[in-house]
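Residue numbers (the working numbering), protein chains in the order written: chain A, 707 to 909; chain B, 707 to 909.
Hints are computed from structural coordinates only; laboratory data are not their basis. Take the hints with a grain of salt, since some may be wrong.
Identical chains blur together in the list; that is why a pair holds if it fits in one copy or across any two.
SDA-like cross-link-like pairs, simulated, lysine to any residue; straight-line CA separation at most 20 Å [as the list claims (entries may be wrong)]:
1) K904 to F725
2) K724 to Y820
3) K904 to T787
4) K708 to A737
5) K708 to R728
6) K904 to D843
7) K708 to V781
There are 2 protein chains.
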Amino acid sequence: MKISELSERSGVPVATLKFYIREGMLPRGEAVSATRAEYGEEHLARLRLIAALADVRGLPLSRVREILNLVDAPVDDPIETLGRAVGALPPYVERDRDDHPRARAAIEELGLTYDAGFTAVAQLEEGLRALEHAGLDASPETLRRYSDAMRQVAASEIAPVAAMPLDEAIPYAVLGTALYEPVMLALRRLAHHDLLVKARDAG
Amino acid sequence: MKISELSERSGVPVATLKFYIREGMLPRGEAVSATRAEYGEEHLARLRLIAALADVRGLPLSRVREILNLVDAPVDDPIETLGRAVGALPPYVERDRDDHPRARAAIEELGLTYDAGFTAVAQLEEGLRALEHAGLDASPETLRRYSDAMRQVAASEIAPVAAMPLDEAIPYAVLGTALYEPVMLALRRLAHHDLLVKARDAG
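Chain A on its own, in the form it takes in the complex (with noise of 0.2 Å):
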């Protein structure tokens, strides 16, 4: 297809479109002729990447070109690079140090593994904090009870994502990890409201 029709198509301005293939986000399209290229069907999922990154998100977009980096030239290591990926998706926490007394000893009492250079550790470090600094429990059995949620629905996410190629694996790993969320904690919220609306009309 022709660019006209990508931007038509994605929904993205052809001045846009134009400017994510200057900083390289985009791949160019295939030449065609002195003046035209031609689109295909890579483009248009490239572009589903980078507007729920940014769009739905709201990632900077040195943040959306981390992710794209690593989708195009993969580290060597697949967990590594997925965990880098899926690293580069909020919420930011400060990275530069390397204890995380909280969350090392709830993923070792969780049997989960502790690996200090994957982000998410820093994040639960920084979660088990502001609870301990609200005075709310992060008791082990407390944890227990997340964890146990997580990981059952955890099991379910990664099937899929085990039988991909690696640079199929990484959109999907990134889509599915930012996406989901947001619904999953609208599911919560839902379900507190829909307990305390039954408990009264039962009541």
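Position chain B relative to chain A; hints supplied.
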């Protein structure tokens, strides 16, 4: 305690405490002389709530104030009050439309309560639209997987709230919603990572 001690114990500078008092976000201390006011544990609790919302979750001051106003002057219906308070938390989505076709269908399918005024309905709508646009699965079976996990989590979370008087239940529900979210999401990412690592080591 004196304002200087309140500052020390809360970690909030005296100038900021005075700002909160002027803005009506923190109650005045009890005047014990013309130049001294006495502060108590309730002031510390209020400062913990403000810090969790403003510093940890990064809420704009207008949203923090909205929540504090509901704590101080709840509306008639407790569920409505809780809904408004939790609705002041991010993510902030457009709320001037009252059709939520995707969310409505999902909520009915999942057996939850549909209430167009409850912010999580609009948040779910936006989340489902993003999944659709990215070409990710939002089938009833997939949503049920998240919903089941969230119901399970919510049931144990809601138990203490139901037993509290409203002026305690509001800050508790707001803090609990805001501060367990990042912990739960970090645990989801850690569960993904753990499953990939274990599958690699077993393979």
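Hints versus structure:
1. K904 to F725: Neither way: K904 and F725 sit 52 Å apart in one copy and 41 Å across, limit 20 Å.
2. K724 to Y820: neither (42 Å within a copy, 43 Å between copies)
3. K904 to T787: So K904 and T787 pass the 20 Å test across copies only (16 Å; inside, 45 Å).
4. K708 to A737: within (11 Å within a copy, 74 Å between copies)
5. K708 to R728: Answer is within; shortest intra-copy Cα gap is 17 Å, inter-copy 60 Å.
6. K904 to D843: This pair counts as neither: shortest intra-copy Cα distance 26 Å, inter-copy 30 Å.
7. K708 to V781: neither (33 Å within a copy, 57 Å between copies)
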